[in-house]
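Engineer: If you want the building blocks of each chain, they are given just below.
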Amino acid sequence: MPFCVLSMMNKVKCSLSLMVPVLIPSWRFFDEIAPSPRIEFSFLDDSAGEPNWEVFTASVERVSLLQGLKRMFYNGRWNEGLFMVSCAERLMNAPTQHSEDEIYSRLIRNYSHKPHAKYIKFRLVFLYRDEHGDLARYMAYDAKPRAIEGELL
Amino acid sequence: MSFELAVRLSEIALGFLFLLQMGEHLRSASYERLLFIWRGVMAVFLVTGFMLSFVYVSLIMNALFILYRFQGPYNGGSDRMSLLLLCCLAFAHYLPEQYMKEMALGYLALQLILSYFIAGYVKVVNSEWRRGRALQDVFLFSAYPVSEAARRWADKPYLLLVMSWSVMLLELLFPIFVFNAYMLYAALFLTGLFHLANACLFGLNRFFWAWIAAYPILIWFSSQFLGT
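Just so you know, the sequences run in chain order A and B.
Heads up: the first sequence runs through residues 1 to 153, numbered per this note's numbering.
Heads up: the second sequence runs through residues 154 to 381, numbered per this note's numbering.
Excised from the complex, chain B in its bound form (with noise of 0.2 Å):
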């Protein structure tokens, strides 16, 4: 994938992402309706690609008002990922030269490869994943499952292992997988999969989005950097 199509791909899924997000705020408080607005507005510009050194800077400064209005991201890691994305999309569209561009979006693309592994090592080394029992507790008294049906998964010990290894070790092979296009392709359908069962399951739907809208930079860096 080139440079300039992950750039784009990245662009209108992010643009798209924050729209929705503008949608989720329209019947909060005015002050916080109002900052949404001003983000849905710039997401149209970014998504057609119309005025985006106005856009990037106006989107910069609005994520600052965000975050002070809330004292830290509004959902945590997903608007954290959404707001990196953001962040090194505005680097490489600002930065004069081709190199410091492609760094700026190989930073993101290291990010994406450490949120996958991180999240899995912290896990690994935790003895109540290793046995099943903290996905258990997620489901049993978290405050994220959606439903009651859902938290009745936590009955349910057998199966949650074998979720538990399945992630673990999705997360945590995540960097072998970029080595390879094949390979990097399957784990991202794969990967995308869990972020629909989280965003089913515990109605994480701003993670899904946020990821997604990383991966053509993913892509593009494992073909430029990796040689696949």
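Okay, chain A solo, but in the shape it has when bound (with noise of 0.2 Å):
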């Protein structure tokens, strides 16, 4: 069988896989308050420099009532935050290249402006309540640098 047949074959059947949580659903929303991910990102002159970490967000002080009725309609940014969430989630259960990819190309995307860097690097650090009951943090994945000419902005 020709490979774009069997590539086209695997690509239905993975897409019909993902629709199967979408019928049976779980819902067992926030079971449990779970280590929270946070994207820190630096860009780089070069692969082996040495990182001046930035924290991902799209979080700010405060949202205006103004602003808040506003997201209700239109919340593009926070959205794509909470996917990057997501796809940090999953490089700790199922780490897979898609997943750190998506989090490479937004990070460019979103920083698009800062011009000169050659290289991106992120790593995921996770919130938490120690045993104590104070916040506490570790770090749980440290990507490999990525050169930023060529990537899809």
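Hints were generated in silico from the structure; no laboratory data involved.
A hint or two may mislead.
Some but not every residue of chain B turned toward chain A, in silico, with C-beta under 10 Å [stated by the list, open to error]:
id, residue
1, L173
2, H178
3, R180
4, A182
5, A216
6, G225
7, Y227
8, G229
9, M234
10, L267
11, W282
12, E301
13, L346
14, A352
15, G356
This structure is a prediction, so every number in the text was calculated from the model and none was measured.
From the three backbone atoms N, C-alpha and C, an ideal C-beta is built for every residue, glycine too.
Fit the two chains together into the complex; they arrive one by one in their own frames, and the hints show the way.
Structural biologist: Encoded structure:
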């Protein structure tokens, strides 16, 4: 069987398998408050450079009533941030190249105004409440640096 | 509420949600944008009720492409609910016999009831939720709060304890409310407020529209099968 047909069949099979949880959902929202990922990223001049970490966030200091109303109808950046959080969780539970690619391409697109850097790197830091009830963090994933040139912006 | 009216209201609401989704993806990368423009164009037909036999096939194909593109739902539960609604409406459209159509929408209504009940059950069996600590953690360190001002709600433990129990009781008791028309309308008003609060505090705007879009089906189901 030609490779393209096999590839197409695999895609159809994959899409249908992703449809199963849609038709038989679990609805276990917030059953536990698991450690929460933060995506930290850094632009680098060379792949071995020392990272200067920034936290990716779509959050702001305050949301006014008008902004809140607008966000009911248009909340693209925030929803993209939630998708990136999903990708971060997937990287811990069932790592795939897709999840890493998604985080990289969205970081580059969101920070494309930062010129000069040739590489970008991200890591995942998880926040959780420790046994003493204090807020704690651990680094759980350290992605390899990626050249920015050629990335789809 | 009649079967036809419930279906039409849900189609309009779902189409509206898909149009909002298209708007949010207009600045995305080209292939992603194309997928959501496809969804948005079909949503216009869904809202107007024009060429529905073609529209449902097209929207389900589109959903499969989008699921493959993101390797799952883009925004978790809210996308699952909107796709479940789409599938059930499509089944109701294509199935030949009226009782089959009603079974498709009945399944959706049951899932809607379960969405609240299961969400309430998994919380109430967790001592962290019963103590209000879980909601405090949601505000304190989860990725959800939309602003630093919202994050400071973590410093109000008694308020969060009351909020936790209010949400758990509403979700757990929801299946009982569907047996009485007045209680159902009151419950849907409260759950609508709950989704609105989630949208304001956690930015989950798609949840609000996805669940609201399914409410007409539940109102029809309640009046048709539960005698309200």
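Engineer: Now tell me, hint by hint, if it's right for this structure.
Structural biologist: Comparing the hints with the structure gives:
1. A least Cβ separation of about 6 Å between L173/B and chain A falls short of the 10 Å threshold, and the interface hint therefore holds.
2. Taken as an interface hint, H178/B checks out: its beta carbon lies about 7 Å from the nearest beta carbon of chain A, inside 10 Å.
3. Interface restraint check for R180/B: the shortest CB-CB distance to chain A comes to about 7 Å, inside 10 Å, so the restraint holds.
4. Annotation: A182/B was flagged as interfacial toward chain A, and the flag holds, the nearest CB pair being 6 Å apart, inside 10 Å.
5. The interface hint given for A216/B is met, as the beta carbon of that residue sits about 8 Å from the closest beta carbon of chain A, less than 10 Å.
6. Annotation: G225/B was flagged as interfacial toward chain A, and the flag holds, the nearest CB pair being 6 Å apart, inside 10 Å.
7. With a least beta-carbon distance of about 5 Å to chain A, the hint placing Y227/B at the interface is held under the 10 Å criterion.
8. For G229/B, the interface hint holds, since its Cβ comes within 10 Å of a Cβ in chain A; the closest pair sits about 7 Å apart.
9. Against a cut-off of 10 Å between C-beta atoms, the interface hint on M234/B holds, since the closest Cβ of chain A lies about 8 Å away.
10. A distance limit of 10 Å between C-beta atoms decides the matter here; for L267/B the minimum to chain A is near 6 Å, and the interface restraint holds.
11. Because the beta carbon of W282/B sits about 8 Å from the nearest beta carbon in chain A, less than 10 Å, this interface hint is met.
12. Checking E301/B against chain A by beta carbon gives a least distance of about 5 Å; that is within 10 Å, so the hint holds.
13. Hint status for L346/B: violated, given a least beta-carbon distance of 13 Å to chain A, over 10 Å.
14. With a cut of 10 Å, the hint placing A352/B at the interface with chain A holds, because the nearest CB-to-CB distance is about 6 Å.
15. Annotation: G356/B was flagged as interfacial toward chain A, and the flag holds, the nearest CB pair being 4 Å apart, inside 10 Å.
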